[in-house]
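K.L.:
As given, the protein sequences belong to chains A and B, one line each in that order.
Count the first sequence with this note's numbering and you get residues 1 to 115, in order.
Count the second sequence with this note's numbering and you get residues 1 to 115, in order.
It cannot be assumed that every hint is accurate.
[Stated by the list, open to error] Here are the simulated DMTMM-like pairs of lysine to aspartate or glutamate, each with C-alpha atoms no more than 20 Å apart in a straight line: (1) Lys102/B <-> Asp62/A; (2) Lys102/B <-> Asp54/A; (3) Lys78/B <-> Asp54/B.
Calculated from the structure, these hints are not laboratory results.
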Amino acid sequence: DAGITQSPRHKVTETGTPVTLRCHQTENHRYMYWYRQDPGHGLRLIHYSYGVKDTDKGEVSDGYSVSRSKTEDFLLTLESATSSQTSVYFCAISGGGRLSTDTQYFGPGTRLTVL
Amino acid sequence: AQSVSQHNHHVILSEAASLELGCNYSYGGTVNLFWYVQYPGQHLQLLLKYFSGDPLVKGIKGFEAEFIKSKFSFNLRKPSVQWSDTAEYFCAVTPNSGGYQKVTFGTGTKLQVIP
Chain A
1 DAGITQSPRH
11 KVTETGTPVT
21 LRCHQTENHR
31 YMYWYRQDPG
41 HGLRLIHYSY
51 GVKDTDKGEV
61 SDGYSVSRSK
71 TEDFLLTLES
81 ATSSQTSVYF
91 CAISGGGRLS
101 TDTQYFGPGT
111 RLTVL
Chain B
1 AQSVSQHNHH
11 VILSEAASLE
21 LGCNYSYGGT
31 VNLFWYVQYP
41 GQHLQLLLKY
51 FSGDPLVKGI
61 KGFEAEFIKS
71 KFSFNLRKPS
81 VQWSDTAEYF
91 CAVTPNSGGY
101 QKVTFGTGTK
111 LQVIP
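Assemble the whole structure, with the sequences as input and the hints as a guide.
P.N.:
Shown next as structure tokens:
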């Protein structure tokens, strides 16, 4: 299994509060990704990172920001959570290390509920 | 931009039945193709992948997929399903260009296997 952890695994929060999700990898992979998974939509890319301090937007980036200060950590922040951001969030990694370089590997996910 | 279509949203089979899940993609260049499986409450796991070579790819747990370039298809098959195959299956495609991969996922097919 890929060495990817996400924290927290479950979170319930209220509308308008800031929320930060963390993804941590031990594989020294260059690329890291944040997806959200919603019924009927599959997985949609929120943001990705191609190196320390190098990030870019995905297809559903509005309302989200990210930071990557170290190779192993990729943070996703909801500045002011809304009910539409209730979802399951998955982190993924790719690009180097002991795992196949051309495949994305996924973390266990974070279930976020915004009331 | 690439896209992926999974035409079957929900499939119900009895144990020992044969399985074929459809996946079609659109992209003008060379692609890498993937099937991921997500068991209830778990993260996505790689089932199999195609990068090049033999278009018939064998994966874990008896699954296989065939890449038919002329039909832009990458259908997943298993000759005899088990109850433990109950899961959601995602087809994914990415341009075969290395580096950062914009992976596009299908919306998923939920497979329910009845004992």
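K.L.:
Each hint: holds or not?
P.N.:
Okay, the hints, checked on the actual structure:
The hinted pair formed by Lys102/B and Asp62/A meets the criterion: a straight-line CA distance of about 18 Å does not exceed 20 Å. About 16 Å separates the Cα atoms of Lys102/B and Asp54/A, which keeps this hinted pair within 20 Å; it holds. A hinted pair counts as satisfied when its Cα atoms are at most 20 Å apart, and Lys78/B with Asp54/B qualifies at roughly 18 Å.
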